[in-house]
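S.K.: Residues per chain, in single letters:
There are 6 protein chains.
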Amino acid sequence: MRRPVTLFTGQWADLPLETLCEKASAFGYDGLELACWGDHFEVDKADEAYCKEKRALLEKHGLKVFSISSHLVGQAVSDRIDERHKSILPDYVWGDGDPKGVNQRAAEEIIKTGESAVRLGVSVVNGFTGSPIWHLLYGFPPTPSSMIDEGYRIFASQWKPIMDAYQDLGVRFGLEVHPTEIAFDIASARKALDAMDNHPAFGFNYDPSHLGYQGVDYVSFIDTFRDRIFHVHMKDAGWSDVPVEAGVFGGHTEFGTPGRYWDFRSLGRGKIQFEEIIRALNRIGYRGPLSVEWEDSGMDREHGAKEACAFVKSIDFPPSEIDFDAAFEDK
Amino acid sequence: MRRPVTLFTGQWADLPLETLCEKASAFGYDGLELACWGDHFEVDKADEAYCKEKRALLEKHGLKVFSISSHLVGQAVSDRIDERHKSILPDYVWGDGDPKGVNQRAAEEIIKTGESAVRLGVSVVNGFTGSPIWHLLYGFPPTPSSMIDEGYRIFASQWKPIMDAYQDLGVRFGLEVHPTEIAFDIASARKALDAMDNHPAFGFNYDPSHLGYQGVDYVSFIDTFRDRIFHVHMKDAGWSDVPVEAGVFGGHTEFGTPGRYWDFRSLGRGKIQFEEIIRALNRIGYRGPLSVEWEDSGMDREHGAKEACAFVKSIDFPPSEIDFDAAFEDK
Amino acid sequence: MRRPVTLFTGQWADLPLETLCEKASAFGYDGLELACWGDHFEVDKADEAYCKEKRALLEKHGLKVFSISSHLVGQAVSDRIDERHKSILPDYVWGDGDPKGVNQRAAEEIIKTGESAVRLGVSVVNGFTGSPIWHLLYGFPPTPSSMIDEGYRIFASQWKPIMDAYQDLGVRFGLEVHPTEIAFDIASARKALDAMDNHPAFGFNYDPSHLGYQGVDYVSFIDTFRDRIFHVHMKDAGWSDVPVEAGVFGGHTEFGTPGRYWDFRSLGRGKIQFEEIIRALNRIGYRGPLSVEWEDSGMDREHGAKEACAFVKSIDFPPSEIDFDAAFEDK
Amino acid sequence: MRRPVTLFTGQWADLPLETLCEKASAFGYDGLELACWGDHFEVDKADEAYCKEKRALLEKHGLKVFSISSHLVGQAVSDRIDERHKSILPDYVWGDGDPKGVNQRAAEEIIKTGESAVRLGVSVVNGFTGSPIWHLLYGFPPTPSSMIDEGYRIFASQWKPIMDAYQDLGVRFGLEVHPTEIAFDIASARKALDAMDNHPAFGFNYDPSHLGYQGVDYVSFIDTFRDRIFHVHMKDAGWSDVPVEAGVFGGHTEFGTPGRYWDFRSLGRGKIQFEEIIRALNRIGYRGPLSVEWEDSGMDREHGAKEACAFVKSIDFPPSEIDFDAAFEDK
Amino acid sequence: MRRPVTLFTGQWADLPLETLCEKASAFGYDGLELACWGDHFEVDKADEAYCKEKRALLEKHGLKVFSISSHLVGQAVSDRIDERHKSILPDYVWGDGDPKGVNQRAAEEIIKTGESAVRLGVSVVNGFTGSPIWHLLYGFPPTPSSMIDEGYRIFASQWKPIMDAYQDLGVRFGLEVHPTEIAFDIASARKALDAMDNHPAFGFNYDPSHLGYQGVDYVSFIDTFRDRIFHVHMKDAGWSDVPVEAGVFGGHTEFGTPGRYWDFRSLGRGKIQFEEIIRALNRIGYRGPLSVEWEDSGMDREHGAKEACAFVKSIDFPPSEIDFDAAFEDK
Amino acid sequence: MRRPVTLFTGQWADLPLETLCEKASAFGYDGLELACWGDHFEVDKADEAYCKEKRALLEKHGLKVFSISSHLVGQAVSDRIDERHKSILPDYVWGDGDPKGVNQRAAEEIIKTGESAVRLGVSVVNGFTGSPIWHLLYGFPPTPSSMIDEGYRIFASQWKPIMDAYQDLGVRFGLEVHPTEIAFDIASARKALDAMDNHPAFGFNYDPSHLGYQGVDYVSFIDTFRDRIFHVHMKDAGWSDVPVEAGVFGGHTEFGTPGRYWDFRSLGRGKIQFEEIIRALNRIGYRGPLSVEWEDSGMDREHGAKEACAFVKSIDFPPSEIDFDAAFEDK
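Residue numbers (my numbering), protein chains in the order written: chain A, 1 to 331; chain B, 1 to 331; chain C, 1 to 331; chain D, 1 to 331; chain E, 1 to 331; chain F, 1 to 331.
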């Protein structure tokens, strides 16, 4: 009766999928959320035969797949492109690197990703969107609200056509709400949905780790967007109880640097209250996978992925189907 | 024995300085920290006569001046220039708006600001620096540390010549550590000092309000950079005890929007622990002004500036000059 | 620009109004919220002459009046009447004490109270409503929701005719949300408004002290019912940080008993965060009086009423009428 | 060496005892605390043969029994009877529903329950008492202490004869301190004991879940009434860290309604600190069963009852029997 | 109606009493608590004339005296004497420094102090007792309870004769519960009273500052020893919310060293909750002086003594003399 | 890949080593940290044959040994000797009990302990040092810093020769920082290292339980003395969230007395955050054993030692050996 526990393969793209299948199976996972990079799921190769082969590989290891994820290409759809994007994009998307062209090719690739999802037999594509206005973050020099509004308009003009295509395909897109994306908390997620006119194909890949350290009510996120929770990441983060040297903006330090306000942590070792998340997911009737995105700069990843799988299984539980007073009253 | 309490005029630039002098004097202030915008202190006009006149105006209202502040032009020295800078720069600095040219003219203006400070008779210029790498804030797409390092190198190449000129002038620059600047917490402030090779003219205009909500140890900031606290802003901020809709990154909302994690608050109404700040300032021997930068989107500013002046006077106190046990032992 | 500070006379009904006027004026109050008991405001005598005389008495002491309050009679409209009501009702309302009759006569008295409010020249009557379902509080033995619904129906059937009369009179009724009333938190206040079909004459006399110790979000109450805040009580309560002997239900102990979880406290000495209340009142545009209901079983009431007046004056402040960035931009 | 872990059957009365025995045994329980409703333990049928049969049924499933529980009939002994009691009482206790008669018949039934406990071979009957004064909870309209005292006198007059009978039988009654009962926190429990003149047959079925959310020191309860802890329920409750819509009085909402201050939770998922409870039980030398009363409106009860059994086993531990320094000193 | 606010002169013994009288009067104090060192109150000179002269000096400055304090000599009664005592004792008490002799002479001096208190016209002597067992603090090497018991026996044998003399004189001794004394928290204070067989002349000079940072319930101290609160010190202490370098045992650092867990603080600037102390003092009916013992290694003492006086006046308030419901009921 | 988990035998010296080996092996331990008392490791008998035999005994039970511990004799090296030391020292060290002689013989015994460590094949001796200045703890009567300095000088004069001998032997000494020792927090540990001129053979047996309740930053301890963490004890302690009767100084009460501020607790049942400790140990590259020092006055020690072993295994984890972004970038 518990939900399937999958492993998001994005942080393991240095390993061939076959190797990862062996490991994930040994760690106890029920399935994989395939990243569209490395050899895990290659959109440009994903014809029927390719998809069948991937399915077979997974099945051989007793693993299921419920979604694929395109964070890297998705990021390039609405971002202001710079040199960093080259390192995360396939050459055929990067092309000559001209920003407009990169945005356009990334958008096309996301549509193709939806098409290959259909071929693989899954109906959810998770990913990032990028944002044309992330650099306006703090609002100084004084930023007129018109600049913010314009950013959401650009975003919507880029993603509505993609979502129309997804709707035709019967596929949905789950944005992982996250810094550097068009939505990174409840307020900006609401703006994004508004800008998209609540397009039915556009929703969220819920991930509490990016919200908790910001001070965002990540449980309320689920209730607020109850019909838009298309997929769920299980990822933990820790943050400091005491003031530190590198604040929540990160002080231009890397993950794991002593003195940082926050870091990702192996599941159960941070501050995310998963108990409340499971209760909220039960309230809204989410029955999809709980997908572990494992990241902890201070722990061996294999040790971590194994303990995370066990942790997630231990915290999931089914909702009630009985009325207590009714039982009590049966005199 | 208490320190002078001044009012930073930046948030009052819609008022002629004379009007503000009347008000500040009535509010109880001992002096003003003149902003280099509005008619408060105009660098391009600041010859000897102008400076003398300003002095006279202040004296007429019983007000002193210890520093001038150039946040707006300073921001343009190292920022990646966009349309927002036009609205905060004098036309002669903005010019044709070409980014390189704007950076350059802003740098020259900051040197002239130092020169006019000398003419006005003050030895501290406060301000912002801008930053070529603020947009890299979260570090995704993956940002190689070389890009961060390069940003600090650019910053140093722009500010070292200015600081050399300041040193010759006998003036010091106090960067207000603040989001969107090259330094916004202890970790990034340390990097900035390193990049500047600890240039003796370069230090900080300490302001706790920008540090507290980030989770930065704003008291430790004072002890850490004890010889670099050139000037002190008194400004308060409040932040939420409970998770909210618009997290610490602001959710692209404006100050004062319900559901924000943090906002500036009139002094004494936020969460900054000024008691500990005064003790730290006493420890390092800071004897300069305590300058109120008043900002609270939910309060009438005149009401606030008055209560803030009284508040700051009430919290300041002189350090001990006696050894208690010694007094005790006098049998 | 601050709001008038009034003293609710309910806790001083042992004193003749004239005596209280002298004291309140000396304590620094701007006015009184007259209780409809003692000789403070007697509904059965309140003809034009009586009202004129009361007005004159207040004016003589420099005091204003913005509302009258009928907590005791109001309580009897919807309560299940028992021996305790006899001690708080005028004889002509109690009559023979038959519950139905008492409910009916109390309802009529509340209409008369509204009529006399008009004669006195005020447009708000504050008070309690009582509740037919307070005794069902915990829900054991198992209480079907139909019993709760029926209670709200009874309440509405009793109060709608009163509110219709009030609407005709141009008077509004402010229920003080409070244990033993039909509404005692946000959830039950919403049910009460629903039951009343949002009758325009029915709203609230906001009082945070009854909400805070229950764990109710008393600031959110203001935003939630922003057009229903007809009047505001300033009253403080303290509650324990550590577990105690007599919990929040009171353990059948009296106020002030050591070991209680909570007690009323003189203003500023409890845990209510008035800063946030003033900000919320500013947000919704409430401009009426801040009326001190003073109660603290551990303090001399005259000492307390005086300090409370000063406290309330000190915490009130006007909202902003300026846009900060605008001021900042005035280069 | 750990204590037996039993399951209180009250919340499972919709299932035949045989079915429940199978389940409880599979869940890992050591025994059952039989509810005197459903077919679990029927007082009116409980002759020697019946009791023997029940014993045999339990033994067949490897289950023990240490107590029986009569919450529903107990509630009717001292309560002000209304329509709700009809649904929780056997017809022969309800009779014609006349309150005095119901009280009387309930009292007689509790004595018979004690007699059948003897036949079953257990010496503890747990249950509720009801209360004639629960409706006076908040104390408004002003409630003279004489009314409270009178309530305790009535309670004692109803329960002393029952307790005398129990003493003769060699059976003890454990009141579950709980809202709507004569005792619901430490203060009221003390009053109840006083009213009962510390009758040796009268004590408590300790249950922390009803105390914690009230702010009552549930650990101190154990030390305070150390010789009166006749039986122990393990039940958890969660309550909010942040202010909510429906406060601790419940806002007339049902369990599990979003926005409530508190709810029961599966063991280990709430805020009760069982570590401290086990230490206190060790201090007072309690060696009886730890009986799980499972209730969580958000979880499947079979999932919950199983995890609760494992949880309770994991938290119990035996006290020390050695003096550490002594071991250390053995040079 | 507020209590007199006095200044304990112990920390000012480097100043002649006349100078201090001028200052204390200017600071706003109502009186002085005279230290028996410096020239403030010299026991060996305190004949009738001396006492009369001191009284006259105080009266000349409008100051009262309610007690004298002998912390330094008192310390030497039960301490294990070492070189440090030489610096705090009059030569005639130190003598040849032989421990037994010092203890004996100190005891005699304390009796003489009581006699001179009578001559001065006060009935309370405050002070320390020292302790023969402070060095056994942590209990390692393993310390048999017999060694602790023996310490209390020694203490009692030294102080009972003194207290008998006090009782004859009509004077009482208030031990300031404090580290290095026989009593330093509630548990050890209880042991001390037990050892003294609750001698009626032996009680406490209550001072919360020495208790708070230890984690001792300083409010409960007042209720626990309600008939033994002979005198009250107002002194504040701050302690850290976050872990530090030098823990509560002090790390052999001096007051004011950065990184210490705790330090004394000017009144109102530490963590002592004086609100609760005043309420407790009201509960037990203490009507004596509130005596400021001012100590803060980070603040100028004259600034501090002045603000402390105003602070203490502001927090004191008289208890209630009315029953609220009674006032409410006056229909 | 996890660290070995050993059991410190000091608290089990009432059992013959052979018995303890059986138990420890059954509890799941990987090895023992042998105490130099009881028959566990007798320095005076520890010739080659003895050591070989001990090794064989351990190996027979599948147990390793990484260190031996000499807390009791070590304590006597720098302590002010009194009757308590007699009970913890071998007769040949105590001798005639003359303090100087005891100190001297204890020092010699510690050197012999190092020599026998070599024979046993381990390179770490853990232990206490005692302290000549622990009795000066609070600093009253006023304690000149010269007395503290002198204490550290004495300590160093006693321990430097021992450490020189250790260095020659290739053995290191790990002081367990602990009340009553020369070092009991970070500040005093730094002083001890300074006094020892950072002798390379002198470092620490890290044990968080003695630091946490003092308010000492026990995680920072590891980073601060990163090259001096020679050995690690796993021991937990609990302390109170609410004020109590016997404060942190212990009130001369024994462990486990109700009302104490703190007590040792079985691992995982106190407040030490082992997660952060493991991360810090990973940061500094500590690869030695995690040695359980089990102590909990409220729990059966065999139950506890078993659960502690499982707990420590569950919390240990290996550090990361991969760069996440690198994995992510593998497009």
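Any given hint could be a false lead.
What the hints assert, rightly or not - To give a feel for the contact side, a few chain E residues facing chain C, derived at Cβ under 8 Å:
1) E18
2) E22
3) T224
4) F225
5) R279
6) P318
Claimed, not checked - Here are the in silico distance ranges between beta carbons for each label pair:
7) R2(A) x I284(E): 55 to 61 Å
8) P99(A) x P200(B): 19 to 25 Å
9) P99(A) x Q104(B): 23 to 29 Å
10) R2(A) x R80(C): 44 to 50 Å
11) S157(F) x Q273(D): 44 to 50 Å
Don't read these hints as lab results, they were simulated from the structure. Just so it is clear, CB atoms sit at the ideal spot from N, CA and C, and this is done for glycine as well.
S.K.: All hints are to be evaluated individually against the structure, with a verdict given for each.
M.R.: Evaluated hints:
1. E18: violated, 36 Å
2. E22: For E22(E), the interface hint is violated, since the closest Cβ of chain C sits about 31 Å away, which is over 8 Å.
3. T224: violated, 12 Å
4. F225: Where the cut-off is 8 Å and the nearest Cβ of chain C is about 15 Å from F225(E), the hint is violated.
5. R279: holds, 5 Å
6. P318: Check passed: Cβ of P318(E) comes within 4 Å of chain C, closer than 8 Å.
7. R2(A) x I284(E): 55 to 61 Å: Cβ of R2(A) to Cβ of I284(E): about 59 Å, so the range 55 to 61 Å holds.
8. P99(A) x P200(B): 19 to 25 Å: About 42 Å separates the Cβ atoms of P99(A) and P200(B), which means 19 to 25 Å is violated.
9. P99(A) x Q104(B): 23 to 29 Å: Holds, since P99(A) and Q104(B) (Cβ atoms, about 26 Å apart) stay within the stated range.
10. R2(A) x R80(C): 44 to 50 Å: About 48 Å separates the Cβ atoms of R2(A) and R80(C), which means 44 to 50 Å holds.
11. S157(F) x Q273(D): 44 to 50 Å: Holds, since S157(F) and Q273(D) (Cβ atoms, about 49 Å apart) stay within the stated range.
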